[in-house]
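> Below, each chain spelled out in residue letters.
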Amino acid sequence: MITPENLVYEKTKVMTDRVLHYCPGCGHGTAHRMLAEVIDELGIQGDTIGVAPVGCSVLAYYYFNVDMQEAAHGRAPAVATGIKRVLPEKYVFTYQGDGDLAAIGTAETIHACNRGENILIVFINNGIYGMTGGQMAPTTLPGMKSSTSPRGRDVATMGNPLKITELIAELPGTYFVTRQSVHTPGNARKTRRALKKALEYQKLNKGTCFVEIVANCPSGWKMTPVQSNKWMEEHMFSFYPLGDIKVPEK
Amino acid sequence: MARKGDVVIDIEKCKGCEVCLSACPHEVLALSNEVNSKGYHYTVKVNSACTGCANCAVVCPDAVITVYREKK
Numbered sequence: 001m002i003t004p005e006n007l008v009y010e011k012t013k014v015m016t017d018r019v020l021h022y023c024p025g026c027g028h029g030t031a032h033r034m035l036a037e038v039i040d041e042l043g044i045q046g047d048t049i050g051v052a053p054v055g056c057s058v059l060a061y062y063y064f065n066v067d068m069q070e071a072a073h074g075r076a077p078a079v080a081t082g083i084k085r086v087l088p089e090k091y092v093f094t095y096q097g098d099g100d101l102a103a104i105g106t107a108e109t110i111h112a113c114n115r116g117e118n119i120l121i122v123f124i125n126n127g128i129y130g131m132t133g134g135q136m137a138p139t140t141l142p143g144m145k146s147s148t149s150p151r152g153r154d155v156a157t158m159g160n161p162l163k164i165t166e167l168i169a170e171l172p173g174t175y176f177v178t179r180q181s182v183h184t185p186g187n188a189r190k191t192r193r194a195l196k197k198a199l200e201y202q203k204l205n206k207g208t209c210f211v212e213i214v215a216n217c218p219s220g221w222k223m224t225p226v227q228s229n230k231w232m233e234e235h236m237f238s239f240y241p242l243g244d245i246k247v248p249e250k
Numbered sequence: 001m002a003r004k005g006d007v008v009i010d011i012e013k014c015k016g017c018e019v020c021l022s023a024c025p026h027e028v029l030a031l032s033n034e035v036n037s038k039g040y041h042y043t044v045k046v047n048s049a050c051t052g053c054a055n056c057a058v059v060c061p062d063a064v065i066t067v068y069r070e071k072k
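In order, the protein sequences belong to chains A and B.
With this note's numbering applied, the first sequence closes on residue 250, and no number is skipped along the way.
With this note's numbering applied, the second sequence closes on residue 72, and no number is skipped along the way.
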């Protein structure tokens, strides 16, 4: 049975053999792998350049077996813009969390999308600042507890959560905007299809492709991985509904 | 009769998050009583009902599962 011809699934070679530093059950690992599998499937490992963010996924450059560049906090779309303009034939992606993309990097994100840079932005939204200790992020849900909103986010004093993906879909520069998740096999496969589409569109030079992945943060949410996935289904998806937000017109 | 499958688990990289357990449609996987060198209870195969659907491997955040499936 365990022979090479019966092999149906193994870790893609576009991911390195390094052990991921993420907490047990964190969606980052699956999200990394889905993107790596698409790069593998399209055969563009040598032509892909990734830009890593600041946040939990700051070490993404250790895990993707492609050329990677680290950007200053929130500035990944600006760095990716530069890379893509100098090397327009390469596939360029950024991989950013919500603290990076939707907080400190809001300006860079919106302007890169508005200019319609031909890059792929992968946005991991877990509604919390995971790396620094579970503080409230712009994407934290109303009433959601975090270490800096221990009684739950009070919209009257702490403001409304930012649905940056919907905001970006309104901009003329974006071509494909979608929201996915990776917590079940079906959702992970849908995410892989969305990422594949996004990289195929990049070849057509049509504009920015933006893939949000709603993810869990078991450590920040103070739950087990399985509980956090269930909590995400029950609470996150009603506020951040999954599905395509902007699709290319036929 | 469903096709037969098998999984190989890299127990040293497994963090025991249990996400694969709920993804398996045939309850093939369970957590071990032993721990690996990092102190995590790791996933083990407990029966031979595996059909090689690869659901567990797709959701595994740490990519520790390799899946095999018998050819028709």
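Misleading hints may appear alongside valid ones.
List of simulated lysine-lysine pairs, DSSO-like, C-alpha gap at most 30 Å [said to hold, decoys possible]:
| id | chain 1 | residue 1 | chain 2 | residue 2 |
| --- | --- | --- | --- | --- |
| 1 | A | 203 | A | 246 |
| 2 | A | 230 | B | 13 |
| 3 | A | 163 | A | 246 |
| 4 | A | 11 | B | 71 |
| 5 | A | 90 | A | 145 |
| 6 | B | 4 | B | 71 |
| 7 | A | 190 | B | 45 |
| 8 | A | 13 | A | 203 |
| 9 | A | 11 | A | 203 |
| 10 | A | 90 | B | 72 |
| 11 | B | 45 | A | 230 |
| 12 | A | 222 | B | 4 |
| 13 | A | 196 | A | 11 |
| 14 | B | 45 | A | 13 |
| 15 | B | 4 | A | 90 |
| 16 | B | 45 | B | 72 |
| 17 | A | 145 | A | 203 |
| 18 | B | 38 | A | 196 |
| 19 | A | 222 | B | 38 |
| 20 | A | 197 | A | 11 |
| 21 | B | 71 | B | 13 |
| 22 | B | 38 | A | 230 |
| 23 | A | 90 | A | 11 |
| 24 | A | 13 | B | 13 |
| 25 | A | 11 | B | 13 |
| 26 | A | 222 | A | 145 |
| 27 | A | 11 | B | 72 |
| 28 | B | 4 | A | 206 |
| 29 | A | 250 | B | 45 |
| 30 | B | 71 | A | 13 |
| 31 | A | 222 | B | 13 |
| 32 | B | 72 | A | 190 |
| 33 | B | 71 | B | 45 |
| 34 | A | 230 | A | 250 |
| 35 | B | 45 | A | 11 |
| 36 | A | 196 | A | 145 |
| 37 | A | 13 | A | 90 |
Ranges between beta-carbon positions, derived for each pair [what the hints assert, rightly or not]:
| id | chain 1 | residue 1 | chain 2 | residue 2 | range |
| --- | --- | --- | --- | --- | --- |
| 38 | A | 156 | B | 49 | 51 to 61 Å |
| 39 | A | 231 | B | 49 | 36 to 46 Å |
| 40 | B | 35 | A | 86 | 44 to 54 Å |
What the hints contain is simulated information worked out from the structure, not anything from laboratory work.
Note that the Cβ used here is the ideal one computed from N, Cα and C, for glycine as well.
> All hints are to be evaluated individually against the structure, with a verdict given for each.
Status of each hint after checking the structure:
1. Distance hint between residue 203/A and residue 246/A is fulfilled; the C-alpha atoms sit about 18 Å from each other, no more than 30 Å.
2. Taking the CA atoms of residue 230/A and residue 13/B, the gap is about 24 Å. The hint holds against a cut of 30 Å.
3. As the CA atoms of residue 163/A and residue 246/A are separated by approximately 14 Å, the hinted pair is consistent with the 30 Å bound.
4. About 20 Å separates the Cα atoms of residue 11/A and residue 71/B, which keeps this hinted pair within 30 Å; it holds.
5. As the CA atoms of residue 90/A and residue 145/A are separated by approximately 42 Å, the hinted pair breaks the 30 Å bound.
6. Of the pairs offered as hints, the one joining residue 4/B and residue 71/B holds, with about 9 Å between alpha carbons and a cut-off of 30 Å not exceeded.
7. At most 30 Å may separate the alpha-carbon atoms for a hinted pair to count; residue 190/A and residue 45/B meet this at roughly 27 Å.
8. Simply put, residue 13/A and residue 203/A have alpha-carbon atoms about 23 Å apart, close enough for the 30 Å limit, and the pair holds.
9. Note on residue 11/A and residue 203/A: the hinted pairing holds, with a Cα-Cα distance of about 26 Å set against a maximum of 30 Å.
10. Using a Cα cut-off of 30 Å, the hinted pair residue 90/A and residue 72/B is violated, with the two alpha carbons roughly 40 Å apart.
11. Restraint check for residue 45/B and residue 230/A: satisfied, since their Cα atoms lie roughly 24 Å apart, inside the 30 Å limit.
12. A C-alpha spacing of about 38 Å is found between residue 222/A and residue 4/B, which places the hinted pair above 30 Å, so the restraint is violated.
13. With a C-alpha separation of about 17 Å, the suggested pair residue 196/A and residue 11/A falls inside the 30 Å cut-off, and the hint holds.
14. Of the supplied pair hints, the one linking residue 45/B and residue 13/A holds, its CA atoms being roughly 25 Å apart against a limit of 30 Å.
15. This hinted pair does not check out: residue 4/B and residue 90/A have alpha carbons roughly 42 Å apart, beyond 30 Å.
16. In summary, the hint linking residue 45/B to residue 72/B is supported, as the alpha carbons are separated by about 23 Å, within the 30 Å threshold.
17. At most 30 Å may separate the alpha-carbon atoms for a hinted pair to count; residue 145/A and residue 203/A exceed this at roughly 42 Å.
18. Note on residue 38/B and residue 196/A: the hinted pairing is violated, with a Cα-Cα distance of about 35 Å set against a maximum of 30 Å.
19. About 21 Å separates the Cα atoms of residue 222/A and residue 38/B, which keeps this hinted pair within 30 Å; it holds.
20. A threshold of 30 Å between alpha carbons decides the hint, and for residue 197/A with residue 11/A the separation of about 21 Å falls inside it, so the pair holds.
21. With a CA separation close to 28 Å, the supplied pair residue 71/B and residue 13/B stays within the 30 Å bound.
22. Proposed proximity of residue 38/B and residue 230/A is supported: the alpha carbons are some 26 Å apart, at most 30 Å.
23. With a C-alpha separation of about 24 Å, the suggested pairing of residue 90/A with residue 11/A holds against the 30 Å cut-off.
24. Restraint check for residue 13/A and residue 13/B: satisfied, since their Cα atoms lie roughly 16 Å apart, inside the 30 Å limit.
25. With a C-alpha separation of about 12 Å, the suggested pairing of residue 11/A with residue 13/B holds against the 30 Å cut-off.
26. For the suggested pair residue 222/A and residue 145/A, the alpha carbons sit about 10 Å apart, so the restraint of at most 30 Å is met.
27. For the hint pairing residue 11/A with residue 72/B, the CA-to-CA distance comes to about 24 Å; that is within 30 Å, so the pair holds.
28. Among the hinted pairs, residue 4/B with residue 206/A is inconsistent with the structure: their alpha-carbon atoms are about 44 Å apart, more than 30 Å.
29. For the suggested pair residue 250/A and residue 45/B, the alpha carbons sit about 47 Å apart, so the restraint of at most 30 Å is broken.
30. With a CA separation close to 24 Å, the supplied pair residue 71/B and residue 13/A stays within the 30 Å bound.
31. Among the hinted pairs, residue 222/A with residue 13/B is consistent with the structure: their alpha-carbon atoms are about 23 Å apart, no more than 30 Å.
32. Restraint check: the Cα-Cα separation between residue 72/B and residue 190/A comes to about 27 Å, which is no more than 30 Å; the hinted pair holds.
33. Restraint check for residue 71/B and residue 45/B: satisfied, since their Cα atoms lie roughly 21 Å apart, inside the 30 Å limit.
34. At most 30 Å may separate the alpha-carbon atoms for a hinted pair to count; residue 230/A and residue 250/A exceed this at roughly 36 Å.
35. Restraint check: the Cα-Cα separation between residue 45/B and residue 11/A comes to about 19 Å, which is no more than 30 Å; the hinted pair holds.
36. About 35 Å separates the Cα atoms of residue 196/A and residue 145/A, which puts this hinted pair outside 30 Å; it is violated.
37. With a C-alpha separation of about 19 Å, the suggested pair residue 13/A and residue 90/A falls inside the 30 Å cut-off, and the hint holds.
38. Checked against the hint of 51 to 61 Å, the pair residue 156/A and residue 49/B passes, with Cβ atoms roughly 53 Å apart.
39. Remark: the range hint 36 to 46 Å for residue 231/A to residue 49/B is contradicted by a beta-carbon distance near 29 Å.
40. For the hinted restraint 44 to 54 Å between residue 35/B and residue 86/A, the CB-CB distance of approximately 49 Å keeps it satisfied.
Hints 5, 10, 12, 15, 17, 18, 28, 29, 34, 36 and 39 from the list above are not met by this structure, while the remaining hints are.
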